[in-house]
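Please build the complex by placing chains B and C on the supplied structure of chain A, with the hints as guidance.
Single-letter residue listing:
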Amino acid sequence: MFISRGVGKSFGSVQVLRDVELEIEPGEIVGLVGPNGSGKTTLLNCLSGFLNPDAGTIEYDGTRLDRLADWQVSRMGIRRTFQTASQPMKMSVLEAMLCGAALPIGSAPVRGLFRRKARAAEQAAAVGKALELLDFLSLSHMTEEPAGRLSGGQKKLLSLGVALMTDPKVLLLDEPTAGVNPTLRLTIADRLKDINANGTTLLVIEHDMGFIGRMCERVYVLDKGSVIAACRPDELKDNPRVVEAYLGAPRPVHVATGVSRP
Amino acid sequence: MLDFALYVATIAAVYALFALSLNLQAGVTGLLNFGHVAFFGVGAYSSGIVALHGGHWLLGVLVGVVVSSLLGAVIGRLGRTLAADYWAIVTLAVAECLRLVVVNEGDLTGGPQGISGIAGPFSSVSGLAGSLSWLVLCVVLAALAYLVAETLTGMQFGRVLRLLREEPMLAASLGHNITAEKTRVLAVAAPIAAVGGSVYTLYISYIGPNQLLPIETFLVFTMLIIGGIGNNRGAVFGALVIQLIYAGSRFLKDIFPIPDQSASSVRLLIVGLVLTAFLMTRPEGLFAEKLRRIDVHQ
Amino acid sequence: MGDQNPDHSRTEAGRVLVPILIDTLVRTSQLSLVAVGLSMTWGIVRFANVAHVQYAPVGAYFALVAASGLGLGVVAGSLVGIVAAGVVGVLLHLFFFRRLSSFSSATALIGSLALSIVITASIQAIAGPRPERLPLPSAPGIPIGDAFVTRAQVYVVVLTAVIFVALFLVLSFTNLGRAIRCVAANPDLASSSGIDVRRISTAVVFAAAALAATGGVFIAVDTSMSLEMGSTLLLAVFAAVTMGGIGSVGGSLLAAAILALAESTVLRIDFGAVFGSHPLLIPISYRPAVGFVAVILVMLFRPQGLFGLGGRRA
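Chains as they are written, first to last, in our numbering: chain A, 827 to 1088; chain B, 71 to 368; chain C, 5 to 318.
Next up, chain A with everything else stripped away, as it sits in the complex (with noise of 0.2 Å):
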């Protein structure tokens, strides 16, 4: 269970976030939609330990996250994609992924210069379960290449791969299908189920309405960096604020055409 309560942010005088308040079952997919500059980002960076709120509380089942570091987010299961995947130059897609492990004494300078073996054995787990992950999301043939030479949507279901190598509980996801193509969207999308059907919870930060539509049980729209609406996504369309936000005017079309960019 994931609640944020009354959460605000600014930067200088710029309030970016106004009493978000967000509530998320385990298992749920849910959808985060705005316009641009209306504060998604800024709401995951917040979520994600990446930036702590002015304001108000987030908790995850039962633990205070809103004063916590980026990494102690993450040790606690919660992993977040970013809107640009970048991925290292001059790693493999393997150890890329294997990045994304965690491997305790391959980890610690001295104790993995000397357990040798047991270091070996770590990783040699590790490596299996890139593996399947890699197969998982068609990427297998890329192994050896360098991370950073993919292309933009290769780099997006990489990032999606190495955040699932530990198994995350909750996956905050930054556009994950921004800028690919749309065969690799779909398979992203199918992807992105099959890993909600295995017990991971999901956040998607969206444009791409039908996208949202296919995916989300629940959709929260933020506006000025406020929660405008938090319904269904065959709602928004009927919802005069949302519609307003987008087109800035009352006029009920494209919102749920699909269109990926009001």
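Watch out, some of these pointers could steer you wrong.
To be verified - With a straight-line Cα cutoff of 16 Å, these simulated EDC-like cross-link-like pairs (lysine to aspartate or glutamate) come out:
| hint | chain 1 | residue 1 | chain 2 | residue 2 |
| --- | --- | --- | --- | --- |
| 1 | A | Lys916 | A | Asp993 |
| 2 | B | Lys360 | B | Glu236 |
| 3 | B | Lys360 | A | Glu1061 |
| 4 | A | Lys1019 | A | Asp993 |
| 5 | A | Lys955 | B | Asp365 |
| 6 | A | Lys1050 | A | Glu847 |
| 7 | A | Lys1019 | A | Asp1049 |
| 8 | A | Lys995 | A | Asp1020 |
| 9 | A | Lys1050 | A | Glu1070 |
| 10 | A | Lys995 | A | Glu854 |
| 11 | A | Lys916 | A | Glu854 |
| 12 | A | Lys916 | B | Glu359 |
| 13 | A | Lys1050 | A | Asp845 |
| 14 | B | Lys360 | A | Glu971 |
| 15 | A | Lys916 | B | Glu354 |
| 16 | A | Lys943 | B | Asp365 |
| 17 | A | Lys995 | A | Glu847 |
| 18 | A | Lys916 | B | Glu236 |
| 19 | A | Lys1019 | A | Glu854 |
| 20 | A | Lys955 | A | Asp1016 |
| 21 | B | Lys360 | B | Asp177 |
Calculated from the structure, these hints are not laboratory results.
Only chains B and C this time, still in chain A's reference frame:
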């Protein structure tokens, strides 16, 4: 002549220790430590001061390892709040503070004259046998350091360091504590340089504050850039090349009429120009960092 | 110490204060001239140019060559030296740093370190390791109380004041000045609003190198020039720039004054008297530590500058 060749090889091996240590920081993690010479200095002066008080040379090495590791951790921790270039300047300032203390606290460090007559492990062995023993010791140490550095770079520890060098945000999102990683890599890398400092001091049985000048750090950076920053093999190779340039420039004055007093500056000039040329035309060095293949047992 | 008569303690105070004042003013002039250029260019080149301080010895040695070697005299020779150092700065910017920055800022940072060494080694190879003096006629010092101030020191302080006033006027009231401030604050925005960023950058780099060279000449006029001039300035200058706020001319001047005052007073304070124990003075040889410690403290605790006049973009 043989003596000279042995000397050159021994010093090259010691330099390899400095280069491998800096490569873990600057090459693998992307931390430009402009005060790297401080770690060398801590090792060197630990050995010198312990020797001054009649302690066993091994104790000096040990003290150097522990103190440098602590200093490394402290400097690494400063990386929490500092941007990369600020951190570089601060490390330089820390190293300069250390040098100033060494110059001024004569009772402890021998002041500007330094400490001489330091007894090392092979002090009783004279002639060729002594030189050879030193060479073997230093080469073994360099090989060991290479093995340690290469293992650290390849395993998950180094993989995370390489990730936070290139994509720090991604590393944080995967649960890696960037400050802690920086602190750890400095605590691990510093002792490698400190051992180099100790061995160097015991070998030439002298240490003085002029060996702590920022120029020494610059030399080690040159080794990395020539060899290929981020590549441990490159670091070792770079150390060898720089040592050869240094040794070779001794014969330069037999060919060209260079006055004695400018010999050292001509040497530095050559090294500086080589580095500039590499930065301009081949910044990835002779052995560019390669992708690491992972054994897939299937 | 309470039983001294008031008359004696007043002359005592004068004996301490006047030299401190002279010391601080001269040192402020030298530091601020080198610092202000670094402060102005940092926003444009976007890496910590360690080699900037080397324009001071470059300018001083060029001035020496022009003054004695070419027989131009100290004034004309210094001007030639300063302009020559500015040209060197521009050439390095165009053909060296721009290329390295295009690889990465880390490469540029290492490159500036390399360049410092090349400059120092070149000077040593050509001019030799001994300190040199500009061919100034020896003039009697002007007595102020018990202390003396040299004519050179008066010129240094007055000229620095003139330079800073001129700099301030140019930056505040001319189109060029507005363009410079715009480029330093945000090169991308400046470029998109029709400013010729390359031309402005080149002008700023020239001015920065020339100002640093002026600082170098002033140091040479006051005492002497040496190889170590650049490296001994380095950390104090970086402390002044950070403290003053990157990009802030006034901030650099103010920060340089604070540092100079600290350098000349800290070593004269009897910490023993402060804590009520035996006399405890920090030895004079620790003078450089003021800059070293200042740079560490400022970067750690006030990286945005002491006065909030400028700032470092992330």
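Verification of the hints:
no. : hint                    : verdict
1   : Lys916/A <-> Asp993/A   : 25 Å, violated
2   : Lys360/B <-> Glu236/B   : 14 Å, holds
3   : Lys360/B <-> Glu1061/A  : 53 Å, violated
4   : Lys1019/A <-> Asp993/A  : 15 Å, holds
5   : Lys955/A <-> Asp365/B   : 14 Å, holds
6   : Lys1050/A <-> Glu847/A  : 14 Å, holds
7   : Lys1019/A <-> Asp1049/A : 27 Å, violated
8   : Lys995/A <-> Asp1020/A  : 14 Å, holds
9   : Lys1050/A <-> Glu1070/A : 12 Å, holds
10  : Lys995/A <-> Glu854/A   : 11 Å, holds
11  : Lys916/A <-> Glu854/A   : 36 Å, violated
12  : Lys916/A <-> Glu359/B   : 8 Å, holds
13  : Lys1050/A <-> Asp845/A  : 11 Å, holds
14  : Lys360/B <-> Glu971/A   : 12 Å, holds
15  : Lys916/A <-> Glu354/B   : 12 Å, holds
16  : Lys943/A <-> Asp365/B   : 14 Å, holds
17  : Lys995/A <-> Glu847/A   : 21 Å, violated
18  : Lys916/A <-> Glu236/B   : 8 Å, holds
19  : Lys1019/A <-> Glu854/A  : 10 Å, holds
20  : Lys955/A <-> Asp1016/A  : 20 Å, violated
21  : Lys360/B <-> Asp177/B   : 49 Å, violated
Consistency with the previously given hints fails for numbers 1, 3, 7, 11, 17, 20, 21, ordered from lowest to highest.
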